[in-house]
Amino acid sequence: MRSWFFTETAYPYLPPEEEFDSIRVKLPNQIYDPVKGADLYHRYLDEWLHADDIGLDIMVNEHHQTATCMDPAAPIMLGILARETKKAQLLLLGNPIVNRRDPVRVAEEMAMVDNISRGRVVVGFVRGVPYEISAMNSNPVGMHERLWEAHDLILKAWTTHDGPFNWESEHFHYRQVNIWPRPYQQPHPPIWITALSASSVARTAEKNYVAATFLTGFDKTREIFEAYRKKRAEMQASFNNDRLAYAALIYTGETGEEGFAGARKLMWYITANKVPIQFNNPPGYASVEANVAMMKNAKGPYMFGDYSLETLIEQGIVFAGSPDTVYKQIKHFYDHVGGFGHLLIMGQAGFLEHDETVQGMNVFAKEVYPRLKELNISTETDA
Amino acid sequence: MTDLKLHEGRLKIGDLEQEVIHKGRGQTMLLLHGGGGPLQPGDMIDRLAERFEVIAPTHPGFGNTARLAHINSVDDLSYLYLDLLDQFDLRDVILVGFSIGGWTAVEMAVKNSHRLSRLMMVGAVGIKQGDRETRDFPDMFAIPPDELAALAFHDPAKAAIDFSTLSDEQLTAFARNRESLALYAWEPYLHNPKLKQRLHRIQIPTNVCCGASDGLVSPTYSEGYARLIAGATFDTIAEAGHAPQMEQPERFVDWVLSRAT
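Going down the list, the protein sequences come from chains A and B. Here the first sequence stands for residues 1 to 383, where the numbers follow our numbering. Here the second sequence stands for residues 1001 to 1261, where the numbers follow our numbering.
Hints are computed from structural coordinates only; laboratory data are not their basis. Some hints here could point you the wrong way.
To be clear about the criterion: a stretch of chain A counts as covered by chain B if any three or more of its residues have a C-beta under 8 Å from a C-beta of chain B, and this derived list gives those stretches [stated by the list, open to error]:
no., region
1, 139–153
2, 274–283
Which stretches of chain B does chain A cover? Using the computed rule of at least three CB atoms under 8 Å from a CB of chain A, they are [as the list claims (entries may be wrong)]:
no., region
3, 1136–1146
4, 1167–1177
5, 1182–1193
Cβ coordinates follow ideal geometry from the N, Cα and C atoms, glycine included.
Starting from the given sequences, assemble the full structure and let the hints guide the process.
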């Protein structure tokens, strides 16, 4: 199993929660202090570099118009890391190709960073969380179609080497696509796509891309992973657990107490995400069926409510405690979902300080990671 | 009464099958509903049907009508309904459009009004009047539901929906309506940048109205729209918001009759 360290690069210095109704989309950037923000950027980069030093791989992501993430342009962050790191795989999960209007530019950015990193880039494509549509005026209806249309164009841009090609599809028009540079990795960097549901993972499985799930807990994750395996079986195609990834909030302490204390700080990721319904559930983002279920009071995705740390651990959304405890929690989850090849560690959030973050990374890398590596043999085709 | 050749009560235009209300005798009145969802059978329709042959189809994606991949804009809807007029050889049609249905009606009228005798616009959207930094309408996708209801209705309490009382079929229609409105309205937001420059092409009698309390499509906007169409009249309907046909059905029908007969 590979483990990937991730921070969402939050700006946590916010007014009291009662003073704003949404942390996303409309929180004025007057609240952001550039001096503090600049310090945070460099601190978060230091944490990623530390991950590289201690043998973890690296994940970055992108969000817009929010204090929960100061990275609205992940390719920029990835570029810095491509230069500053030496060994780590660099996963960008993901490029919001449904919302971005220029897929050829995405292809160029990824090719460029792939070259600077000398072939360590892993390219994620995401639909994005619902509140991202506002920043790019992206229609929440028809997102799945646009994702694959953009994907197809990016693939073609990466893999065409004999000069310009034409592209006139429903959403994208180009007459001279001819990207420079071409990717370092051949035929192109590995691709990951996030999966929120069993129905949406089928196409990812068809293409043998890695399907990445986020905080989906025991049963939902198993459902999604099983849908992936089932699709491969139907195709009579090969399958390896390195096609499956799971992200959780993870904090490993020397002791159980230390582990829980760190995890409580990581919970900022969940508790700070104050988003009103109009941004949480724009029309068309969730299927009609899902909307009907929500109107009948089911919970939507990312709606964790007022869960305690104990509940979040029970749900498989947080893994926390001493090294042995964390290993056992991950193994229990691993067994329940039928195994998976990539663990995405949300190891920093909110007010978890630099030294606490580094401590959590170190203990994990030293005491837990070696045991996890025994859980899964990766093939050469993995990422 | 026109033979609309309904298939199990559904209207077939090209490869699309639509729910439709078809009622009454007299001059043909084609009603194009707005983003809130299809018009419902009831007193308002019945009263119009006393005087007109009412045809009220459900747009693709709304209610129980399928969405077709190639019909994803108001422009597409305008061609769909021009096809309807041609397909059934309808003439002297009174075209009544509500909100985005009103936008559709205006698009039809600027393209080809040979089969139309009158255009009636109710809280219609479709043109840009403000400058580039001034939106003509609140961003309905960025407002919480209760605030949206306060803008859309004169008396939001009457329009409040208790989901727990709705069947799965009704909830499904509600979700489909929301989604289809986003499909048709998203960008450019509730307008066609070219439509304003084409309004001179409307040479048929035109009547514009809106609810006096419409906070989504303001009376100022509707009045401005009317002024851009030659000879258009403008009226407001008291104690009504964006759906006067729903909040004040009597006054709404009175307005139709006063202007169309």
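Evaluation of the provided hints:
1. 139–153: holds (count 4)
2. 274–283: holds (count 6)
3. 1136–1146: Our answer is that it holds, as 5 residues pass the Cβ test (under 8 Å) against chain A, meeting three.
4. 1167–1177: Result for this restraint: holds, n = 6.
5. 1182–1193: holds (count 4)
The structure agrees with every numbered hint stated previously.
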